[in-house]
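Using the sequences and the hints given, assemble the complete structure.
One line per chain: the protein sequences are C and B, in this order. The first sequence begins at 1 in UniProt numbering and counts up by one. The second sequence begins at 1 in UniProt numbering and counts up by one.
Incorrect hints may appear among the rest.
[Unchecked claim] Think about it this way: if two alpha-carbon atoms lie no more than 20 Å apart in a straight line, the pair counts; the simulated EDC-like pairs of lysine to aspartate or glutamate are: (1) B:K33 <-> B:E23; (2) B:K187 <-> B:E86; (3) B:K93 <-> C:D321; (4) B:K61 <-> C:D100; (5) B:K138 <-> C:E107; (6) C:K93 <-> B:E86; (7) C:K61 <-> B:D100; (8) C:K93 <-> B:D169; (9) B:K93 <-> C:D169; (10) C:K138 <-> B:D141; (11) C:K274 <-> C:D294; (12) B:K93 <-> C:D141; (13) B:K306 <-> B:D321; (14) C:K93 <-> B:E107.
None of these hints come from the bench; they were simulated from the model. These numbers come from a predicted model, not from an experiment.
2 protein chains.
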Amino acid sequence: MHVMVIGAAGMIGRKLVEKFALEAGALGYDIGKLTLVDVIEPPVPPSLSAIATPLALDLSKDGAAEKLVALRPGVIFHLAAIVSGEAEADFDKGYQVNLDGTRALFEAIRHEGLREPYIPRLIFASSIAVFGQPFPDKIGDTFFTTPLTSYGTQKAICELLLADYSRRDIFDGVGIRLPTICVRPGKPNKAASGFFSNILREPLAGQEAVLPVDEDVRHWFASPRSAVGFFVHAARMDTSLIGPRRNLTMPGLSALVGEEIEALRRVAGEKAVKLIRRKPDPVIRSIVSGWPTDFDARRASELGFKAETNFDEIIRIHIEDELGGQI
Amino acid sequence: MHVMVIGAAGMIGRKLVEKFALEAGALGYDIGKLTLVDVIEPPVPPSLSAIATPLALDLSKDGAAEKLVALRPGVIFHLAAIVSGEAEADFDKGYQVNLDGTRALFEAIRHEGLREPYIPRLIFASSIAVFGQPFPDKIGDTFFTTPLTSYGTQKAICELLLADYSRRDIFDGVGIRLPTICVRPGKPNKAASGFFSNILREPLAGQEAVLPVDEDVRHWFASPRSAVGFFVHAARMDTSLIGPRRNLTMPGLSALVGEEIEALRRVAGEKAVKLIRRKPDPVIRSIVSGWPTDFDARRASELGFKAETNFDEIIRIHIEDELGGQI
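If you want it as structure tokens, here you go:
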């Protein structure tokens, strides 16, 4: 099977490719060919060098989608996007990449299929940003998408397109609404959501971290390992079980910041917790207060998608996957 | 105020313009200028000839939206669309007109506003086709949009764009999800929904009509007069009351085909009812079974939108507005 990952240089894209490097049969079939695409040339794990081709290409540029689809991959993971903050700051760029780039990909598949029959599996990275407040206590699977950002709007539009193109058998699509990924590896960044990961990752590495909100802030999480699991499962699963409602809120863990900290104390001790410096930031507090806090992701759970059920597990996964198993 | 109606040659567009002809103050302010746009040159009621300019123009063609927006109307009614059946049969045309045409209009407004401040009121005709089965008994205001047609998908996408552009103060948008309009004036057409109107309009005119489904079929209705009322109210209302959820399911009447027939009997007698010929059509029955049957349109009602509450009223409106008050 020829598998294509668009957005292969991003955090989840890289982890997905690493998963293929570690487990040849991760998708339930042999990957005979792997095409890794991103705006910068994505890294290729050495063990995949025989089958993988990296491509530096911007999906939103004229002809780019056609070039990719002409390779006729059987499975396409589409993870490429301008992130939320940038899509909000740059209206044109956000719509161009997140909406027009995705639509160009969908259209290229349609035209390729008109030329010669072709119905790839397509897994699309969506986001809980498709939802906008006010929310019920738990957001159910039939709650409407009323995004309050252009990023969320672009993702919600692509979800609608994905469902329509799948209904017409142009491709076999699954939209994956990701929770906030925690613990996000790497350096602290300026994303408003960064502290959720920072207050675990930095203390685990013996570094200070800033907590800008109170401990009673609730949010919706899954580990990077779960995120990869979602994409792998979506590529393997029997999509005839999904029906026409192709976009699924992934399972996750609803937890308080205080619960994150308690889990850190259990796993890494008081010394780690002492590295969290409280520095209230009303701007971040206000942004975060508009985010979803809890979901009843029943459909995805019934369809076999799995995430963590407590924060100890999320921290242990970070220690295993990023810190070589020890702190 | 300069008012523009795009789709002014369609059934509701014409009735909206007739409303302006009958009631100078319908919108709560003077219409100083009226631009009437459609792919064919729309009719101009004689009493509006001093202020109205008809324009034959296809919104989906390059430069068309810019041409309209350069006139800087303060209120834009956007009713232009390819209908459901055609959008399903012709993928390219449906997306080109219903999605790209609408987006071109929105983008033209954004660019005009960047050139010189400009935030028109924009009222967009959406549809209950944004919903797809299975449904709850009553579809509430927070139920998700999972259209099962390309037409419904295009409308749902435009709703998302409308909300995002309004949130960014590019325009002041209101999306109006219309019920099935009944009694639709004119000749019987081949739309699968046509019989809902045919079985009233034709007998009222002394003609036979075919009923292709059973009397226990339930559906969601409003009169053409209510539809015009929705648009007028959306143009007059205080949009600060709506908040960011800019797309509203309009109130309507949930009724059985049997209730339509009983109302016809009450208003026009047994003679009229006898003109309904039962001719079951399994194809139409199957299409209709996928449509919404009932809504709890609480938000729109609270915001002052009004529709009929029984079928006698719907029939009387048809007699008043289309048959000169007598049958």
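We went through each hint and held it up to the structure:
This hinted pair checks out: B:K33 and B:E23 have alpha carbons roughly 15 Å apart, not beyond 20 Å. Under the criterion of a C-alpha separation no larger than 20 Å, the hint pairing B:K187 with B:E86 is consistent with the structure, at around 19 Å. At most 20 Å may separate the alpha-carbon atoms for a hinted pair to count; B:K93 and C:D321 exceed this at roughly 49 Å. A threshold of 20 Å between alpha carbons decides the hint, and for B:K61 with C:D100 the separation of about 18 Å falls inside it, so the pair holds.
A distance of roughly 36 Å separates the Cα atoms of B:K138 and C:E107; the hinted pair therefore is violated under the 20 Å criterion. With a C-alpha separation of about 32 Å, the suggested pairing of C:K93 with B:E86 is violated against the 20 Å cut-off. Between the alpha carbons of C:K61 and B:D100 the distance comes to roughly 18 Å, so the proposed pair stays at or under 20 Å and holds. With a C-alpha separation of about 18 Å, the suggested pair C:K93 and B:D169 falls inside the 20 Å cut-off, and the hint holds.
The straight-line distance between the Cα atoms of B:K93 and C:D169 is roughly 18 Å, inside the 20 Å bound, and the hint therefore holds. Among the hinted pairs, C:K138 with B:D141 is consistent with the structure: their alpha-carbon atoms are about 17 Å apart, no more than 20 Å. Proposed proximity of C:K274 and C:D294 is contradicted: the alpha carbons are some 28 Å apart, above 20 Å. The suggested pairing of B:K93 with C:D141 is violated, with an alpha-carbon distance near 32 Å, which exceeds 20 Å.
For the given pair, B:K306 sits about 18 Å from B:D321 by alpha-carbon distance, which is consistent with the 20 Å threshold. As the CA atoms of C:K93 and B:E107 are separated by approximately 14 Å, the hinted pair is consistent with the 20 Å bound.
Taken one by one, the earlier hints fail for this structure at numbers 3, 5, 6, 11 and 12, listed in ascending order.
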